[in-house]
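*Asks:* Each chain, written out:
2 protein chains.
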Amino acid sequence: MTVKQLSLPELADACGQLGITNVGLWREPVQSHGLEATAKLVRDAGLTVTTLCRGGFFTAIDPKERAQALDDNRRAVDEAATLGTDVLVLVSGGLPAGSKDLHGARERIADALGELGPYAEERGVKLAIEPLHPMYASDRCVVSTLGQALDLAERFPAQQVGVTVDTYHIWWDDTAPEQIARAGAGGRIHTFQLADWTTPLPEGVLTGRGQIGDGAIDMREWKGYVEAAGYTGAIEVELFNAQLWARDGREVLAETARRFVEHAA
Amino acid sequence: MTVKQLSLPELADACGQLGITNVGLWREPVQSHGLEATAKLVRDAGLTVTTLCRGGFFTAIDPKERAQALDDNRRAVDEAATLGTDVLVLVSGGLPAGSKDLHGARERIADALGELGPYAEERGVKLAIEPLHPMYASDRCVVSTLGQALDLAERFPAQQVGVTVDTYHIWWDDTAPEQIARAGAGGRIHTFQLADWTTPLPEGVLTGRGQIGDGAIDMREWKGYVEAAGYTGAIEVELFNAQLWARDGREVLAETARRFVEHAA
Chain G
1 MTVKQLSLPE LADACGQLGI TNVGLWREPV QSHGLEATAK LVRDAGLTVT
51 TLCRGGFFTA IDPKERAQAL DDNRRAVDEA ATLGTDVLVL VSGGLPAGSK
101 DLHGARERIA DALGELGPYA EERGVKLAIE PLHPMYASDR CVVSTLGQAL
151 DLAERFPAQQ VGVTVDTYHI WWDDTAPEQI ARAGAGGRIH TFQLADWTTP
201 LPEGVLTGRG QIGDGAIDMR EWKGYVEAAG YTGAIEVELF NAQLWARDGR
251 EVLAETARRF VEHAA
Chain C
1 MTVKQLSLPE LADACGQLGI TNVGLWREPV QSHGLEATAK LVRDAGLTVT
51 TLCRGGFFTA IDPKERAQAL DDNRRAVDEA ATLGTDVLVL VSGGLPAGSK
101 DLHGARERIA DALGELGPYA EERGVKLAIE PLHPMYASDR CVVSTLGQAL
151 DLAERFPAQQ VGVTVDTYHI WWDDTAPEQI ARAGAGGRIH TFQLADWTTP
201 LPEGVLTGRG QIGDGAIDMR EWKGYVEAAG YTGAIEVELF NAQLWARDGR
251 EVLAETARRF VEHAA
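Those sequence lines, one after another, are chains G and C.
1 is the number of the first residue of the first sequence in UniProt numbering; add one for each residue after it.
1 is the number of the first residue of the second sequence in UniProt numbering; add one for each residue after it.
So that you can see chain G by itself, here it is in the shape it has in the complex (with noise of 0.2 Å):
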């Protein structure tokens, strides 16, 4: 997503070019280039999938609605295994129009998982509950913190669910680091992503992740947090940015690196 405005074929030769061996992937992209064809693509170019964006949204009330989210949810862990990924990035989902219980609506994510947990589990993919920033809580994802998102884990096995740390989301959190560490011992980081925090943010708040570097996060100290805990996954570069999108998108993808290398390698 970091950079969408390449194809998925210009994606993976600028990943070549620049000696970039993992990548993220969200559905949508990989939906239009075809799954067997994006699987592939990422084989023939040596790529290994990090991670496949994203599942969730569970908390409709509907139970047609709520039907309708499973079965997408499975099918997008089909997707995962067979594009050769073994996580699942969930955003859990907002509130339902006119509710205002954000309690019931984390009960509905914790009924979801334990009927996806399974599924995924029998396909080598883990889920990995990723917290939203609580500019979100409303309309995204009502797990705002890493403590909310491992309250919820914790009620499935490390293998069927763990966490997405996100720098973006939690890095106002002072109680973070303590819950990376709760989440390592239990074997919960499924993956770790950097996204810096500018400011103004853009009307919607969707679209103004910050180029690593440019913002108010330090990336080492995070990096560190998450090392600490036992991660050695792989680290994703995930921005929304409107900015970096209206730019070319290899040159973006190298600029991502080199700044990944200087804040965070």
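Among the clues, some could well be false.
[Stated by the list, open to error] Facing chain G, a subset of chain C residues (Cβ under 7 Å, in silico): (1) Met135; (2) Trp172; (3) Trp197; (4) Leu201; (5) Glu203; (6) Val205; (7) Thr207; (8) Ala216; (9) Asp218; (10) Arg220; (11) His263; (12) Ala264.
[What the hints assert, rightly or not] Residues of chain C clear of chain G, computed beta-carbon distances all greater than 12 Å: (13) Leu102; (14) Pro134; (15) Pro157; (16) Gly208; (17) Ile235; (18) Gly249.
[Claimed, not checked] In silico lysine to aspartate or glutamate, EDC-like type, Cα no more than 20 Å apart, as pairs: (19) Lys100(C) to Glu262(G); (20) Lys100(G) to Glu262(C); (21) Lys100(C) to Asp174(G); (22) Lys100(G) to Glu36(C); (23) Lys223(G) to Glu178(G); (24) Lys223(C) to Asp101(G).
Everything labelled a hint here was simulated from the structure, so no lab data went into it.
This one's a predicted model, so the numbers in the text were calculated from it and none came from an experiment.
For glycine and all other residues, C-beta sits at the position ideal for the given N, C-alpha and C.
Keeping the supplied structure of chain G fixed, place chain C upon it in accordance with the hints.
*Replies:* Okay, now just chain C, sitting in the frame of chain G:
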């Protein structure tokens, strides 16, 4: 601030017509109207000033800036005393330019409170740290949760430093109810404010606070937590909302009073 389109005399008159006897004031309109003139205005109108907003902005590193901030906060305390309110609301300040050190910024707030607290107590004014929503952590307030605010406040006597409980900033936080109980047990709930959470957020995320009843927050639930914690003071409605500001102020004030009765009384 909810009806900042009204002059203070217009506000006093509108409150009188609606039977509103309490009002929270901001420093800028008070200074424009004149401090002594405002004190006389509210006295003559039979209005009680519940709080003065706002002191704070304590996070500067530069010694000269820090001294200026403390001077300004002493003036704010004096203004509060002159207006007859015993509460000065504090917005603590964001990260200094180029800094990524949230912990250090929070410690500088504690340093400032240590100097300002006794000055305020001598004048009968309590300082109320307001945790602001985490989306303001970098540029307005590094105190993002009620827990953080209490960790700071509890270093000082309750008659010097307590907290502001504002639904807009804490509604997403499942630990906030227990923190409200903690604050109440310590006699540290110095004011309670209502605003609703609506989306999409506007650019800059400063002027999108929803009218009571328009958004995701169950006002009675939060009022219940605060009352259970022993709070018996005034309840303020504080909306920063460009659409409300563009309307007739008296009409907005009347609407707000109706919404308060409907959703919180």
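*Asks:* Which hints, by number, does the structure contradict?
*Replies:* Going through the list in order, the structure violates hints 7, 10, 11, 12, 13, 14, 16 and 22 and respects the others.
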